[in-house]
Amino acid sequence: MIARPTSSLGASAFHRQPGHVLIAVALPLWLAAAGLVAAVEEPSVEPAVTLAIDAEKPMVEVEQGNGTVTVGRLEHIDATEVRLAASPAGDAVTVPVERVRAVRRPAVVAGGPFKLVLTLVDGSTLSATDFIWDGKLPAILLRPEGRIELPAARVRSIAWPTAGGGGDVSMRWQGTIPEGTESDLIVVGNDESHEFVECAIAAVSADTVTVVLDEETIPVKRSKVIGMQWLRANGSNTDANAPGRIVVALDGGSVRARRVEWTPDALVIDGEIRLPATLLAAIDYASGRMVGLATLPAEKVDVEPWFGGLSRDAGLASFFAPRPVPVRANGADGGQEGSGVPAAGGVPAAGAGVLGMIMRPRTVAVWRLPPDSRRFRATVAAAAGTQSSDGAIVSVSVDDQEVFRRQVDASAGDSPAGIPIDIDLTAKRRLTVVVERGGGIGGAVLLSEPVIER
Numbered sequence: 000m001i002a003r004p005t006s007s008l009g010a011s012a013f014h015r016q017p018g019h020v021l022i023a024v025a026l027p028l029w030l031a032a033a034g035l036v037a038a039v040e041e042p043s044v045e046p047a048v049t050l051a052i053d054a055e056k057p058m059v060e061v062e063q064g065n066g067t068v069t070v071g072r073l074e075h076i077d078a079t080e081v082r083l084a085a086s087p088a089g090d091a092v093t094v095p096v097e098r099v100r101a102v103r104r105p106a107v108v109a110g111g112p113f114k115l116v117l118t119l120v121d122g123s124t125l126s127a128t129d130f131i132w133d134g135k136l137p138a139i140l141l142r143p144e145g146r147i148e149l150p151a152a153r154v155r156s157i158a159w160p161t162a163g164g165g166g167d168v169s170m171r172w173q174g175t176i177p178e179g180t181e182s183d184l185i186v187v188g189n190d191e192s193h194e195f196v197e198c199a200i201a202a203v204s205a206d207t208v209t210v211v212l213d214e215e216t217i218p219v220k221r222s223k224v225i226g227m228q229w230l231r232a233n234g235s236n237t238d239a240n241a242p243g244r245i246v247v248a249l250d251g252g253s254v255r256a257r258r259v260e261w262t263p264d265a266l267v268i269d270g271e272i273r274l275p276a277t278l279l280a281a282i283d284y285a286s287g288r289m290v291g292l293a294t295l296p297a298e299k300v301d302v303e304p305w306f307g308g309l310s311r312d313a314g315l316a317s318f319f320a321p322r323p324v325p326v327r328a329n330g331a332d333g334g335q336e337g338s339g340v341p342a343a344g345g346v347p348a349a350g351a352g353v354l355g356m357i358m359r360p361r362t363v364a365v366w367r368l369p370p371d372s373r374r375f376r377a378t379v380a381a382a383a384g385t386q387s388s389d390g391a392i393v394s395v396s397v398d399d400q401e402v403f404r405r406q407v408d409a410s411a412g413d414s415p416a417g418i419p420i421d422i423d424l425t426a427k428r429r430l431t432v433v434v435e436r437g438g439g440i441g442g443a444v445l446l447s448e449p450v451i452e453r
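Numbering (numbering that gives the first Met the number 0), first residue to last: 0 to 453.
Quick caveat, the hints were computed from the structure, so don't treat them as lab data.
Misleading hints may appear alongside valid ones.
Calculated lysine-lysine pairs in the BS3-like style (CA-CA distance at most 27 Å, straight line) [as the list claims (entries may be wrong)]:
#1 Lys220 to Lys135
#2 Lys135 to Lys223
#3 Lys299 to Lys427
#4 Lys114 to Lys135
#5 Lys223 to Lys114
#6 Lys220 to Lys114
Quick caveat: nothing in here was measured; it's all calculated off a predicted structure.
With the hints as constraints, model all of the structure from the sequences given.
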């Protein structure tokens, strides 16, 4: 929504309702009247930041696609291999990247508190204590461990703490940006009452945000700014599970990548984002190799409910057929789908953020496996949770050979997270999931995060 003048130019000329966008006409006067314009600064060179590099090679776990886990000190990572240093107990270990599922640092000391959250165009986030950009060179995030350098073109938005917010960073204003905004924005005010100022963001220093309004360059006091957003297209392949996508977990955020390099000197992502090596918490190589079972067309589905003829009714067939559903982080049906972005210190479970699947008793579903499939992973539980009164028997076969069978109900003593399924698919062609009655008329089951890892 655009806030328009009602009487005269100046701060009083604008309606002050949250979510309004201030048009460029007379904005320099409005900014000055509102006390937002900073004194003109002489160009200065930002103080040099000394990188705090941990020369010691960190202890990590390297998990391979076949389930093998190797522990050792990380020597380097490049586009082709992960290498662990030699130890008194053995030689150096080199694992080709295509065989690596994840690299994890078991012990990561969380930093913070941080003073800002930066969001990249692909939805990745980074936390830091300060942000600097001169309008030309790469943007810089400052942290106690050192500096993060990244192309400014990959930055979508920045959020700072608001006055009275207890020092916490809030991005609630992002949900109120008017549709159809066609310029950069700076956000002034607080969570409850803020204004969006349309402009071109030209530079950011420790004290000012330099913007261009109607061809006039204006320095705005950064202490009055709670957020900025650049007009940028969404990054391609923003899905964490897109082909080739790697998720890098950091202390204070995560970044999606296509290439990761690490030495004791630096962590480099896609050859253009450079971070202190000590920020690495985990790398999930498998995220870009996942195929959600719910998104894979079934080769065959045969459903016969308790009242057999019902599945042949066009209006009921879809109810009894396997049904994709969003799954919350605790595995419950419904709610917000997982983000797939790992917390610091770990990587998401295989398939985090993918659709789950509801299957009812007397259902047989067959899928043809994608080429180079390696493993099938999922968690199965009663769809009704602890309220389930009837059970089911779930079996999984690979190329007509049964490899998994379990009773699933609320009284089976299973954990709330359900029963894990982890099956080798090497050189296999078909996957079959069968749900049978396990008591009474049988209860529906929920497959959480069912994925095929390639």
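Status of each hint after checking the structure:
no.: 1; hint: Lys220 to Lys135; result: holds (21 Å)
no.: 2; hint: Lys135 to Lys223; result: holds (24 Å)
no.: 3; hint: Lys299 to Lys427; result: holds (17 Å)
no.: 4; hint: Lys114 to Lys135; result: holds (24 Å)
no.: 5; hint: Lys223 to Lys114; result: holds (14 Å)
no.: 6; hint: Lys220 to Lys114; result: holds (16 Å)
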